[in-house]
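Protein chains in written order, with the working numbering: chain A, 70 to 333; chain B, 70 to 333.
Calculated directly from the structure, the hints in this document are not laboratory data. In this text, a Cβ means the ideal position worked out from N, Cα and C, and glycines have one as well. A hint or two may mislead.
What the hints assert, rightly or not - In silico negatives: residues of chain A with every beta carbon more than 12 angstroms from chain B:
#, residue
1, Glu127
2, Leu231
3, Leu319
What the hints assert, rightly or not - Stretch by stretch, here's where chain A covers chain B in the computed footprint (C-beta under 8 angstroms, at least three residues):
#, stretch
4, 143-151
5, 300-306
Number of protein chains: 2
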Amino acid sequence: MSTRPARSGVTARVLDVLGAFTASAPALALSDIARRSGLPLTTAHRLVGELTAGRALERGEDGRYRIGLRLWEIAHLAPASSGLRETAMPFLEDLHEVTRHNVQLAVLDQDDPAEVVYVERLSTRDAVSIVSRSGSRLPSTATAVGLALLAHATPDDVERVLARPLRRFTPYTVCEPDGVRALLARARASGFVVSDRQIEAVSLSVAAPVRGGDGPVVAALSVVVPADGTNPHTWVPAVRAAARGISRALGHPAAGSGSGTGTS
Amino acid sequence: MSTRPARSGVTARVLDVLGAFTASAPALALSDIARRSGLPLTTAHRLVGELTAGRALERGEDGRYRIGLRLWEIAHLAPASSGLRETAMPFLEDLHEVTRHNVQLAVLDQDDPAEVVYVERLSTRDAVSIVSRSGSRLPSTATAVGLALLAHATPDDVERVLARPLRRFTPYTVCEPDGVRALLARARASGFVVSDRQIEAVSLSVAAPVRGGDGPVVAALSVVVPADGTNPHTWVPAVRAAARGISRALGHPAAGSGSGTGTS
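Chain A extracted, bound-state conformation (with noise of 0.2 angstroms):
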């Protein structure tokens, strides 16, 4: 974020604080707050002190502080969460109830289409585990979801993310530049992905694209099933179904046609 010109003052501090805190610390004190965001002690106690105000912040019993439920009612009007994921949640419950498996909603990352973040996850307590959670990340070249995305992404976004190295997850990882071009143009043809055993060895995941109402590709969904040998394209069917519900839901007006044959 720091690369950005236009970001400089008290506007660029203010996110840094909220920006230290994570999904592995999403609570902090005050130090680790002005730690974490690079502020000297002084300043960090005045924004979290006017954020607290604001109730961009809370301050709990522990004395520590966690992001506010004032901000998270704001943030929820991202489009990504108020339109796309509330449009989406009818089907992925279907798609969930259906398969007995974690199903995912991800975008790309528009500033860094390397990795994707997950919308939204609908597990079971006896699915098979999985790294992703709401709000979370992964690269978007060892993902289904991230596979489908970048399948309709533009030749110069995905030339920058085969530009830096893959990281390697498990030993089925794709990390040459190649192999994910192949994983790619496969996608495109055929309207869906599998990514098998890329991110942990016990499980693969089914991917399809959905498409917004003005036609280009804003999101993906998935399905992650154990690797027991199960033929996975068992569950393209229901995924492609279920992603074009989506898009029709979205007001896409080709979601009745053609959705896998890549004319985007």
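With chain A held as given, fit chain B onto it using these hints.
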């Protein structure tokens, strides 16, 4: 929010800009943001530019601004969202699957206990229509979740809520303080709440409180069903069981007994 003394300066203005976005206006032109936040256009222009550079806002192809994915990622760390909501989701899904009606999870606004904030809603395409959405608010006195929460609030908070006029939604909305006090007493004694056609004349809701790991009530969940003559008590066991399941998952030690006795 303007009654809090520590809130001033740039931080307050940044929060005013973010607070200009609402569920009914999630995409705003710069002039709308200036008007809604009460800021001069030049100030709004500068802050919006800085917030966009920091990815707290996003500018769409239509030139309008929306809440950015980066702010959503951070705000998703709010305890009501990433802790409570994620822990509750499997139980909400089970209840939703069993009832096939709208299932909701809500928390009391600690700064204004007259309102509840819905942190999740699971709905089906054929369920009875309801007003609430994830991220939206309703009066705590007119909703089953709100009554379940107020029943365990401090007497001061309850009287503060009842000191103000209570909004009427339907002929069945309880707007008299003594009527609300009677509902709260019944909620404490029974461990559940039935709110009968108080928000919409076609539906009623059944709620039970959720307790956190350290004992106090932290949330409430409800199912919203058609007011079609079915005995609402049909739904009570499933709602109470789900609420106890969430309490247990949150670490509440006594969730195995006596959660309906109001001993907190």
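Right, here's what the structure says about each hint:
A Cβ of chain B approaches the Cβ of glutamate 127/A within 12 angstroms, the least distance being about 8 angstroms, so the stated non-interface status is violated. Chain B leaves leucine 231/A outside its interface by the beta-carbon criterion, the shortest separation being 22 angstroms against a cut-off of 12 angstroms. The claim that leucine 319/A is not at the interface with chain B holds, since no C-beta of that chain comes within 12 angstroms of its own (minimum 15 angstroms). With a threshold of 8 angstroms between beta carbons, the proposed coverage of the stretch 143-151 of chain B by chain A holds, since 9 of its residues qualify and at least three are required.
Counting residues of the stretch 300-306 of chain B whose CB lies closer than 8 angstroms to any CB of chain A gives 0, which falls below the minimum of 3, so the coverage claim is violated.
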